[in-house]
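Colleague: So the sequence lines, in the order shown, correspond to chains A and B.
Using my numbering, the letters of the first sequence correspond one by one to residues 1470 to 1980.
Using my numbering, the letters of the second sequence correspond one by one to residues 1470 to 1980.
By construction, these hints were calculated from the structure, which means they are not laboratory data.
Backbone N, C-alpha and C define an ideal beta-carbon position, used for all residues, glycine too.
One thing to keep in mind: the hints can contain errors.
Claimed, not checked - Cβ-Cβ distance ranges computed for the label pairs, FRET-style: (1) A:Arg-1729 with B:Val-1685: 24 to 34 Å; (2) B:Ser-1537 with A:Asn-1583: 24 to 34 Å; (3) B:His-1713 with A:Gln-1486: 47 to 57 Å.
What the hints assert, rightly or not - Here are some chain A residues the structure puts well away from chain B; computed CB gaps all over 12 Å: (4) His-1496; (5) Trp-1506; (6) Asn-1569; (7) Gln-1573; (8) Glu-1598; (9) Glu-1613; (10) Asp-1680; (11) Lys-1687; (12) Gly-1722; (13) Val-1862; (14) Val-1874; (15) Lys-1955.
2 protein chains.
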Amino acid sequence: MSTIQGLDSGVQEKITQFKQLDLKISHLNSMLALAGWDQKVMAPKKGRSIFANAIGTLSTEVFKLTVSKEMGELLATLTSEEVYSQLDDVTKASVRERNNFYEQSKSIPSELYNEYMVLTSNANDAWEEARESNNFDVYLPYLERIVEIKKQFAEYYGYEGHPYNALLNEYEPGLTVEKLDPLFAELRKSSIDLLQRINASTSKPNGEIFDKRYDVEKQKEFNKFLLPRIGFDMNAGRLDETVHPFAQSVNTGDVRLTTRYLEDNVRSAIFGTIHEAGHGIYEQNVNPELEGTAICSGASFGIHESQSRFLENMVGRSEEFWKCFYQELQERFPEQLGGTSLDEFYRAINIVEPSFIRVEADELTYNLHIMLRYEIEKGLIGGEIEVKDLPKVWNTKMEEYLGIVPPTDTLGVLQDVHWSFGGLGYFPSYSLGNLYAAQILNTITKEIPTFYQHIEKGEFDVIQSWLKEKIHTHGVLYTPDELIVKVTGESLNAQYLVNYLEDKYSKVYKL
Amino acid sequence: MSTIQGLDSGVQEKITQFKQLDLKISHLNSMLALAGWDQKVMAPKKGRSIFANAIGTLSTEVFKLTVSKEMGELLATLTSEEVYSQLDDVTKASVRERNNFYEQSKSIPSELYNEYMVLTSNANDAWEEARESNNFDVYLPYLERIVEIKKQFAEYYGYEGHPYNALLNEYEPGLTVEKLDPLFAELRKSSIDLLQRINASTSKPNGEIFDKRYDVEKQKEFNKFLLPRIGFDMNAGRLDETVHPFAQSVNTGDVRLTTRYLEDNVRSAIFGTIHEAGHGIYEQNVNPELEGTAICSGASFGIHESQSRFLENMVGRSEEFWKCFYQELQERFPEQLGGTSLDEFYRAINIVEPSFIRVEADELTYNLHIMLRYEIEKGLIGGEIEVKDLPKVWNTKMEEYLGIVPPTDTLGVLQDVHWSFGGLGYFPSYSLGNLYAAQILNTITKEIPTFYQHIEKGEFDVIQSWLKEKIHTHGVLYTPDELIVKVTGESLNAQYLVNYLEDKYSKVYKL
């Protein structure tokens, strides 16, 4: 191990100790990643509740290590100005990440943390019951306490400006209400305006092909054909099936995706798989030299989502993508698609229609679903909204943003799992992903003017190499803002997504 | 938690601490069990070597806990006569198991242990290379050092009588050369005698049906049909595919089996699946109240193997079993089996024929393969056999026991992986399994006189309930000898297997 000039051997020893502890935590976390995947994908029914205890034990061990006295002492030395400035970039970033977590976690009284862990575990059941019975009151007391605790967490974490900033920071380091409000305001205004023009369009795409049934085995065949072609390395990953699709990295050589095949919804598997592939390719392409450190992952929730949205929407819903693959899909479904032209198909996969459920929303209205949740979370943490009023608030905002009102709370305020596990601050990541993706698209099409031609020819390696070099390989080396500036030359700017949506839907809806 | 009368609160506290430590180790071990399964069954190629480091880290943590100062102090209190005698049976057994491991492990100098871990890791590669190139010399230096270290381990562990006893004890607590020699002598004599009469039989079964090809998808269908019917709970387990079939318990609600489907060997999957199901049903039926303790598993390697052999051979190769299932098999393979009667099929699956490879051996000659390995291991540890002479010794004994000599070392001394991981003392478990199984068969057919009628009717629940109550539910509560005495009324007695084999093959070969 190389030593740094000018640091005494005691400090060198602490750097070594930090790296060993970082490695141990990383190894145990990859074990937890595998265990979490297994519980969702492989574990038989009767074993899951028993194994949950084992996961609990290991999680607790990892948590103890991350906030241990040893960690605290090592971080105290390594974050001191003299030492920190002399660390290599990887160690610097790893120290930064471990220190953020340490500072946050140690500020929470252990009694409150334990209450929170038990509460969120039980809240999931309450949420499921409430959703199934369309009865918000079942969920209400849990959600009230969760919001109360998250408010306290915000105080313990500390913040400048709005208290919600403390929670946003957990998912998108450095993000604040003060930065996000103008971004979302611009996006909301233009989205609502565009939506109105789309609704008034006299040249709407025809979505009848998606009312047809598609054989599941043929769908699997197509997805397995597609996945390696768009850049996912099947020797460093898997594709399995779950009700709720997700991507889980165990390490850079082992990234696991899931998708779901619905006979009555052929779009679900195709775009779900492309979406998760975007997450997965990111994880596969993180520099393997970062293995065993805190920074061997994606830069943030928002940046991660940008990679899945970029592949799903900017690439996967482009006309050129289907110039490349439509024939393959048609050949598998001649009855369903034989009479539909490429242009008709392209327009059909880009239909915009306000709907109740976020995860089923199109590219344009999706962001309105997110902004609604953002406004609500901000209000809950800021104290302007009370949990008991949520069903009413939800429906009012749905009317305002999307022009529709859900007939039940199950189709409204109860649809998402996030709040039940305390994930307040999480939702904005989804729209950040769209914003980052459009900004990255603007840069990549400038730097690779033949971008869409490569897609049309199936030359995804050109695009993936660019993303790898600019984004993926760095892991968590940079903060999200540092990274987007490094890649695109400026901080996040809503104009790119606004322009992208305007251009795309002007074409699809002949506005 | 209930307290024990007469023990002071300091001791009560230590009992509680022991249980917590036992629970933690058990949880982490179930995580390792899952990880080991995943590496063999699910993990993509590029992730395995990276993940091996994570497994190494967690294994080391678990090992440290099992030999920690804390564990030592707790065991010192709990094994003291006054305290131990007042513990409940489960805690007693758990203390016994942890203490055995602690006493053994702490006696090994850490430098020697580390050398052994690295050596056995590298020896596996050397063994694979040697086997592939039929070159024993590649393996020789590794195996010499492994044997040398195992001899030292035996001295550190301590033993009475033969030094090999120290190694046998790792797999079958309480087993000694002095007990095993007469058992194996009796079995060897009768097996060789029976084999000679079988070879001279003029009414040999016809095995031509097994030269045919069997569609793999149909095989899968049959195995999936069979597995739940013979007592394996598919809600508490899985069946996957690997080159080398195995069973792995994660917990009592999650037991995972693998099998392999060979187009040119239909017996492989059927009997492999039934065999692993025997292991799996055992683990599924351990009392769930033992979860989180050191005794939530099978009583020993030999007892475990008795359950797989019992189901595979005593049940699965019986005429009544195929009275129940042959029609199902025939329906799936009408071309291959349509012209073969049940009696012909039954005799064909019980063909005896000396062969080179242990894992492919029939029920009778299998034990001769094991006794050969037992004699060699005893000689290696006792100092009468040198590693460099193994190819010659192997072939001489093959001639003596089975009347055939392998043409290559790959088909001889290099065929098994066990020595490369230091598993000297392991092989006898396989024949112990056969011995225990025959003795258990003798008891169960007395206690359930309608035993074979239940098999014929597919009423496996009657048989599995008996095995559960008598054996499975107890986990490691009893030592193997205590258990077999409890179940059958006497210690292990070779006569039952001798009689079973004589009866069975007299019928199959019309002797």
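Colleague: If a hint holds in the structure, say so; if it does not, say that too.
Modeller: Hints and how they fare:
{"no.": "1", "hint": "A:Arg-1729 with B:Val-1685: 24 to 34 Å", "verdict": "27 Å, holds"}
{"no.": "2", "hint": "B:Ser-1537 with A:Asn-1583: 24 to 34 Å", "verdict": "25 Å, holds"}
{"no.": "3", "hint": "B:His-1713 with A:Gln-1486: 47 to 57 Å", "verdict": "40 Å, violated"}
{"no.": "4", "hint": "His-1496", "verdict": "4 Å, violated"}
{"no.": "5", "hint": "Trp-1506", "verdict": "9 Å, violated"}
{"no.": "6", "hint": "Asn-1569", "verdict": "23 Å, holds"}
{"no.": "7", "hint": "Gln-1573", "verdict": "25 Å, holds"}
{"no.": "8", "hint": "Glu-1598", "verdict": "23 Å, holds"}
{"no.": "9", "hint": "Glu-1613", "verdict": "33 Å, holds"}
{"no.": "10", "hint": "Asp-1680", "verdict": "33 Å, holds"}
{"no.": "11", "hint": "Lys-1687", "verdict": "18 Å, holds"}
{"no.": "12", "hint": "Gly-1722", "verdict": "3 Å, violated"}
{"no.": "13", "hint": "Val-1862", "verdict": "42 Å, holds"}
{"no.": "14", "hint": "Val-1874", "verdict": "42 Å, holds"}
{"no.": "15", "hint": "Lys-1955", "verdict": "27 Å, holds"}
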